[in-house]
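Sequential numbering from 1 applies to the sequence shown in my numbering.
Take the hints with a grain of salt, since some may be wrong.
As the list claims (entries may be wrong) - DEER-style ranges, computed between Cβ atoms:
id, residue 1, residue 2, range
1, 229, 570, 45 to 53 angstroms
2, 152, 229, 22 to 30 angstroms
3, 163, 511, 39 to 47 angstroms
4, 71, 16, 26 to 34 angstroms
5, 154, 453, 40 to 48 angstroms
Source of the hints: derived by calculation from the structure; they are not laboratory data. Cβ atoms here follow ideal geometry from the backbone N, Cα and C, with glycine treated the same way.
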Amino acid sequence: METIRNWLLPALLAGGQLIWLWTGAEMAGEEVPGSARLAAVLVALAVETVALGHRRQAPVRALAWTLGTLVFGQVAGDENYFGLGTLVSLYSVAARRPVPVTLRAVAAVVGVEWLMSLVRLGPRPTLATEWALGALVYVACAGLGEVRRQWVRGRSAAARRLAGAEETRRRAAETERRRLARELHDVSAHHLTSVVITADAAGRLGGTRPELTAEALAFAERTGVETLTTLRRLVGLMRDTDGADARPMTARIEELLAGFGRLGPPIEADLPDDLAGPAAEAVHGIVREALTNALRYAPGCAAHVEVRRADGVLELTVDNAPPRGIVTSGAGGLGSGRGLAGMRERAAAVGGDLTAGPRPDGGWRVRATLPDVTGPWGPPEEGDRPDVLREQRLADPALVFAGAVLPLAFALVVAEDWTPASLRGALPALLVLAALLTVHALPLLWRRRAPWAALLGVLATSWLWPPAVALGVVPVRVSEFFDAGALTELLAVYAIGVYGGGADRTWPAWIVSAVSLSSVLVVTAAAEGNLTGAGSVRLTAVVVFVPLAVVTAGVFAALWGAGLGVRRRRLRILALDDHALSASLWHAERAADAERWRLAAKLRDAVLERTTVLVERARQGRLEEVAAEARAALTAMRELLHGLSASERRGGEE
Numbered sequence: 001m002e003t004i005r006n007w008l009l010p011a012l013l014a015g016g017q018l019i020w021l022w023t024g025a026e027m028a029g030e031e032v033p034g035s036a037r038l039a040a041v042l043v044a045l046a047v048e049t050v051a052l053g054h055r056r057q058a059p060v061r062a063l064a065w066t067l068g069t070l071v072f073g074q075v076a077g078d079e080n081y082f083g084l085g086t087l088v089s090l091y092s093v094a095a096r097r098p099v100p101v102t103l104r105a106v107a108a109v110v111g112v113e114w115l116m117s118l119v120r121l122g123p124r125p126t127l128a129t130e131w132a133l134g135a136l137v138y139v140a141c142a143g144l145g146e147v148r149r150q151w152v153r154g155r156s157a158a159a160r161r162l163a164g165a166e167e168t169r170r171r172a173a174e175t176e177r178r179r180l181a182r183e184l185h186d187v188s189a190h191h192l193t194s195v196v197i198t199a200d201a202a203g204r205l206g207g208t209r210p211e212l213t214a215e216a217l218a219f220a221e222r223t224g225v226e227t228l229t230t231l232r233r234l235v236g237l238m239r240d241t242d243g244a245d246a247r248p249m250t251a252r253i254e255e256l257l258a259g260f261g262r263l264g265p266p267i268e269a270d271l272p273d274d275l276a277g278p279a280a281e282a283v284h285g286i287v288r289e290a291l292t293n294a295l296r297y298a299p300g301c302a303a304h305v306e307v308r309r310a311d312g313v314l315e316l317t318v319d320n321a322p323p324r325g326i327v328t329s330g331a332g333g334l335g336s337g338r339g340l341a342g343m344r345e346r347a348a349a350v351g352g353d354l355t356a357g358p359r360p361d362g363g364w365r366v367r368a369t370l371p372d373v374t375g376p377w378g379p380p381e382e383g384d385r386p387d388v389l390r391e392q393r394l395a396d397p398a399l400v401f402a403g404a405v406l407p408l409a410f411a412l413v414v415a416e417d418w419t420p421a422s423l424r425g426a427l428p429a430l431l432v433l434a435a436l437l438t439v440h441a442l443p444l445l446w447r448r449r450a451p452w453a454a455l456l457g458v459l460a461t462s463w464l465w466p467p468a469v470a471l472g473v474v475p476v477r478v479s480e481f482f483d484a485g486a487l488t489e490l491l492a493v494y495a496i497g498v499y500g501g502g503a504d505r506t507w508p509a510w511i512v513s514a515v516s517l518s519s520v521l522v523v524t525a526a527a528e529g530n531l532t533g534a535g536s537v538r539l540t541a542v543v544v545f546v547p548l549a550v551v552t553a554g555v556f557a558a559l560w561g562a563g564l565g566v567r568r569r570r571l572r573i574l575a576l577d578d579h580a581l582s583a584s585l586w587h588a589e590r591a592a593d594a595e596r597w598r599l600a601a602k603l604r605d606a607v608l609e610r611t612t613v614l615v616e617r618a619r620q621g622r623l624e625e626v627a628a629e630a631r632a633a634l635t636a637m638r639e640l641l642h643g644l645s646a647s648e649r650r651g652g653e654e
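All chains, please: the whole structure from these sequences, using the hints.
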């Protein structure tokens, strides 16, 4: 199919060109090209066809070859050789290459076209018309190509979003399993390890400090209840906790540090007052895991937590002093082995990185660098937003060029029959005409961003015509070409239909445009003196205005309706994209929910039941059994997490 698309159009162009060489010559009564000229045309057509066949893979190279065949075909072959392949290849360049490349291509093609016209016609009035029409055709062709490029880029972006959503759906269960494992490790390991440390300390020192037993039992009961509540929230009622949280996190981190401080020396901290967002959530989880490891492997040692902002990132450092002697705490060996990996996953999840390792003095340091997208810098500046005009750097200027040059080209066609003296006398008027047409078309640059403002600007500048005629700035023989400037109104009304916001909001556009344009034309005709007749000027103006307004209203209404049709088609395509994207995300959420409930059952059997027993034993005052249940719950949690890791390695299938 792709081969047919590549070669069908070049073949049709070549066949049409050959048919025209014979039929066109016969219809015009000219001599059919001789063998030499025909051979030159056939060579040019062959090269052009091959070049166009590769226009999608190498559009710039195809343009170079087709431009060469255009010159060769018209010089060595026949003037009836059109060389339409140049237009096709220029369109392909604009559709597949960046705007700077397209601008250089347009400049090259227009330059060659103008040079050929100068050689063929010489310096005469006809040359200006040839130049204007040639530039108009090529610029319009490039503008259409850029419109195609923008559309294809938008469709490609939609396809990438959908592919990403499909990948998210496919990996939803695995992602949720990994996230739950990280949360379970961070929460359970922190709470249960604290219970083990406290119970063991109370058991060793209970003979000399009996009050520690009561404190340890109360702490175990309180921590066990908190663990149960947290785990049930995570698995039973939990939704996406990886999403951004706009609440300040500084107070929660300080509360976490105070809790660790109750189990050992107070923890020094240096934190900003307004931590928030995903990076702050990651800081909370990393600090919790780092201090849990410090409590497990270096109990009773000092720790320091620092968070600094620098160049749009959060720099987190967690330092703990070296352990005092050999660690004999029973908590050793009860880790799940996911602590460091979990911290790195948290950092990577928000686009950061994390390192951990020993310090020169024997202590341990954890360092993380996290993008701080919700820091005190606030929302992006106005200049950071997409610039619609910049995105349409060629298409909209091409329309402005067409709206200004096409009426001017009509005037130049008539100017070809003027005498040199009259042409010199009309040259200032032609320049004024060009300036007025350019000012009239300039509002089209804003037709996408502000279509109503563009239309009103076009209508307002059209009222410059009657004063220009009345003041004699533009002679009558030139002012008649103001009528062709209505092309700009047509483009503006079409833009209202496409970008204006729906039929119920844009229907007055074609009525207002028809009334305004008809009024301008009638007033301009009156200023020229063309409404003097049998009746009064006012009556004649009314008689002319009514049918003119009806005709222009019909044309504007048709263009407005065409714009609405294009708008509905685009919105329908976007709605289909949104539906497919939403469906994929919905399936991803359902897969994640299923994984939550599956893991909830395992968690209930493995950890929650033992934690419940731990709370009951703490309430009964049985300290040794509290420590034993805490160890058993930690062991069960470790086995559960190892099982989740094994499921990940098997691709998420049990």
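Cross-check of the supplied hints:
Between residue 229 and residue 570 the beta carbons are some 50 angstroms apart, a value that agrees with the proposed interval 45 to 53 angstroms. As the Cβ distance of residue 152 to residue 229 is approximately 53 angstroms, the hint placing it in 22 to 30 angstroms is violated. Checking the proposed 39 to 47 angstroms range against residue 163 and residue 511 shows it holds: the Cβ atoms sit about 45 angstroms from each other. Restraint check, residue 71 to residue 16: a C-beta distance of roughly 20 angstroms breaks the suggested window 26 to 34 angstroms.
Checked against the hint of 40 to 48 angstroms, the pair residue 154 and residue 453 fails, with Cβ atoms roughly 24 angstroms apart.
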